[in-house]
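Novice: Construct the entire structure; sequences and hints are all you get.
Counting with the UniProt record's numbering, you get residues 1 to 161 for the letters of the sequence shown.
Just to be clear, a hint being listed does not mean it is correct.
Within a straight-line C-alpha distance of at most 16 Å, the following computed EDC-like cross-link-like pairs (lysine to aspartate or glutamate) qualify [claimed, not checked]: (1) K81 <-> D48; (2) K61 <-> E152; (3) K73 <-> E57; (4) K55 <-> D137; (5) K73 <-> D99; (6) K73 <-> E25; (7) K55 <-> E75.
Since the hints were made in silico from the structure, they are not lab data.
These numbers were taken from a predicted model, which means no experiment stands behind them.
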Amino acid sequence: MIRLVLIALVLLGGFYAHGRLTFSEPRVMGWMTQHAARSMQGDSVACDDYADDLKVELTAKGQRGRWEVEGGKAEMCGYLKQSAAALTVLQATTQTEFDNVRITRGGFPWTTARLQYTQRTTVQAGGLPSMTVTSEDAMVLARTPGGLRIRELQSQSSGGL
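Specialist: Structural data, given as structure tokens:
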């Protein structure tokens, strides 16, 4: 009986430690950097980073007005494909930086985390002047057997077209 209790405690401790490591800032931001790069390149694998029950609210204010994207995974993946196509046509290069990163673990034992950050993406296309888009983002990440998945995404950006 004591042996079973010890095994259960070791397994629970391992699951807890894995959650702590999974949602550590270096691990999460490394994953986010890879996700951002895949998204900008139009890599379809970027859509796999979103949970099937994703909730999205994007608001952008730019030189040509304001637009919004609301919905789920289908809307987000469609938005990513359009954005990547535009960057490809313009032969643009991008550089993304993340600041003011805050991670709040949740769920027992740390199966989700709320990630908040400021993202600055500088876009350079041909002979055009560079443009910097700044966004305040918040998302809920879930730990799944297949890795991290984005369950919720809220973003307010400015500085684009």
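Novice: Which hint numbers doesn't this structure obey?
Specialist: As far as the earlier hints go, 2, 5 and 6 are violated by this structure, in ascending order.
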